[in-house]
Amino acid sequence: MIGLIGKKLGMTQIFNEQGQQIPCTVIEAEPNTVLAVTDKAAAGFAAVQLGIGAQKTRRDSAKGERAPRGVRANSAEVGHGKKAGLEAAPRVLRSVRLDEKGNAKTEVPSYSVGDKVGVDVFAPGDTVKVTGTSKGRGFQGVVKRYGIGGGPNTHGNTKHRRPGSIGPGTDPSRVIKGKKMPGHYGAARHTQIGLRVERIDAERNLIYVRGSVAGPKNGIVLVRKQG
Numbered sequence: 152m153i154g155l156i157g158k159k160l161g162m163t164q165i166f167n168e169q170g171q172q173i174p175c176t177v178i179e180a181e182p183n184t185v186l187a188v189t190d191k192a193a194a195g196f197a198a199v200q201l202g203i204g205a206q207k208t209r210r211d212s213a214k215g216e217r218a219p220r221g222v223r224a225n226s227a228e229v230g231h232g233k234k235a236g237l238e239a240a241p242r243v244l245r246s247v248r249l250d251e252k253g254n255a256k257t258e259v260p261s262y263s264v265g266d267k268v269g270v271d272v273f274a275p276g277d278t279v280k281v282t283g284t285s286k287g288r289g290f291q292g293v294v295k296r297y298g299i300g301g302g303p304n305t306h307g308n309t310k311h312r313r314p315g316s317i318g319p320g321t322d323p324s325r326v327i328k329g330k331k332m333p334g335h336y337g338a339a340r341h342t343q344i345g346l347r348v349e350r351i352d353a354e355r356n357l358i359y360v361r362g363s364v365a366g367p368k369n370g371i372v373l374v375r376k377q378g
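Numbering-wise (the numbering used here), the sequence shown opens with residue 152 and increments by one.
Hints are supplied without guarantee of correctness; some may be wrong.
With a cut-off of at most 30 Å between alpha-carbon atoms, the simulated BS3-like pairs for lysine-lysine come out as follows [to be verified]:
1) Lys158 to Lys233
2) Lys267 to Lys252
3) Lys191 to Lys252
4) Lys286 to Lys207
5) Lys310 to Lys280
6) Lys295 to Lys310
7) Lys286 to Lys234
8) Lys280 to Lys191
9) Lys330 to Lys295
10) Lys368 to Lys207
11) Lys328 to Lys295
12) Lys207 to Lys267
13) Lys233 to Lys214
14) Lys330 to Lys286
15) Lys295 to Lys280
16) Lys158 to Lys267
17) Lys368 to Lys286
18) Lys233 to Lys295
19) Lys214 to Lys280
20) Lys267 to Lys280
21) Lys267 to Lys331
Read the hints as simulated data drawn from the structure, not as lab findings.
Turn these sequences into a full structure, and let the hints guide you.
Pasting the structure below:
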């Protein structure tokens, strides 16, 4: 099913017709440009590539002048955007599959390169799944990373937040793979499923999704229809 690239603005609360208070994540999804279309007959599946934002473009330097500092879009990215009628290369690209498994009875929409996809593809009551990148928390211990209780705080104990014994004994005499231990926490791709669209603000390109989604404020998320 179709999706949209958006930006997580934060969380708020709204009240429905029954007067119930509903916590919502507000996602700003400006019209996405279709940059490429994958044909099911050629590739075996139907998908579209969407893009938002604009990258900086390198200007022509004078003879003997150094190139300006900073990241600039390369020629391939600029040419890819021009095929869709864009003046600058998009900053964010995401591919959305149109014929996901489980949606066989749903009519697959058709798009062409250069089309615009807005928030009107969603409606209040739709079930969506939102993919984002969780907040990076660096190297953390087991208490914060996995919620392990740690050791006692009294009676002479000195291992308050340590993981404790990790060996499984004589057999197999090694640490089992996947053991919960200190390590890098966060900055991982996460998809929250079963979220409900509560409100659509077409004028401001806003989607109000019930519940929370992964990522910080102004983080890039991908909203896709589910079921």
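Results of checking the hints against the structure:
With a CA separation close to 24 Å, the supplied pair Lys158 and Lys233 stays within the 30 Å bound. With a CA separation close to 25 Å, the supplied pair Lys267 and Lys252 stays within the 30 Å bound. Our distance criterion of 30 Å between C-alpha atoms is met by Lys191 and Lys252, whose separation comes to about 14 Å. Under the criterion of a C-alpha separation no larger than 30 Å, the hint pairing Lys286 with Lys207 is consistent with the structure, at around 26 Å.
Pair hint Lys310 plus Lys280 does not hold up; C-alpha atoms about 41 Å apart against a cutoff of 30 Å. Using a Cα cut-off of 30 Å, the hinted pair Lys295 and Lys310 holds, with the two alpha carbons roughly 15 Å apart. With a C-alpha separation of about 35 Å, the suggested pairing of Lys286 with Lys234 is violated against the 30 Å cut-off. In summary, the hint linking Lys280 to Lys191 is supported, as the alpha carbons are separated by about 23 Å, within the 30 Å threshold.
Annotation: proposed proximity of Lys330 to Lys295 holds, straight-line Cα distance about 15 Å (limit 30 Å). Distance check on the hinted pair: Lys368 and Lys207 sit about 23 Å apart at the alpha-carbon level, within 30 Å; holds. A C-alpha spacing of about 20 Å is found between Lys328 and Lys295, which places the hinted pair at or below 30 Å, so the restraint holds. For the given pair, Lys207 sits about 21 Å from Lys267 by alpha-carbon distance, which is consistent with the 30 Å threshold.
Between Lys233 and Lys214, the direct Cα distance comes to roughly 27 Å. Compliance with the 30 Å bound is thereby established for this hinted pair. Taking the CA atoms of Lys330 and Lys286, the gap is near 23 Å; set against the 30 Å cutoff, the hint holds. Between Lys295 and Lys280 the alpha-carbon distance is near 27 Å, which keeps this suggested pair within the 30 Å criterion. Taking the CA atoms of Lys158 and Lys267, the gap is near 17 Å; set against the 30 Å cutoff, the hint holds.
Taking the CA atoms of Lys368 and Lys286, the gap is near 10 Å; set against the 30 Å cutoff, the hint holds. Taking the CA atoms of Lys233 and Lys295, the gap is about 47 Å. The hint is violated against a cut of 30 Å. Between the alpha carbons of Lys214 and Lys280 the distance comes to roughly 51 Å, so the proposed pair goes past 30 Å and is violated. The hinted pair formed by Lys267 and Lys280 meets the criterion: a straight-line CA distance of about 21 Å does not exceed 30 Å.
For the given pair, Lys267 sits about 45 Å from Lys331 by alpha-carbon distance, which is inconsistent with the 30 Å threshold.
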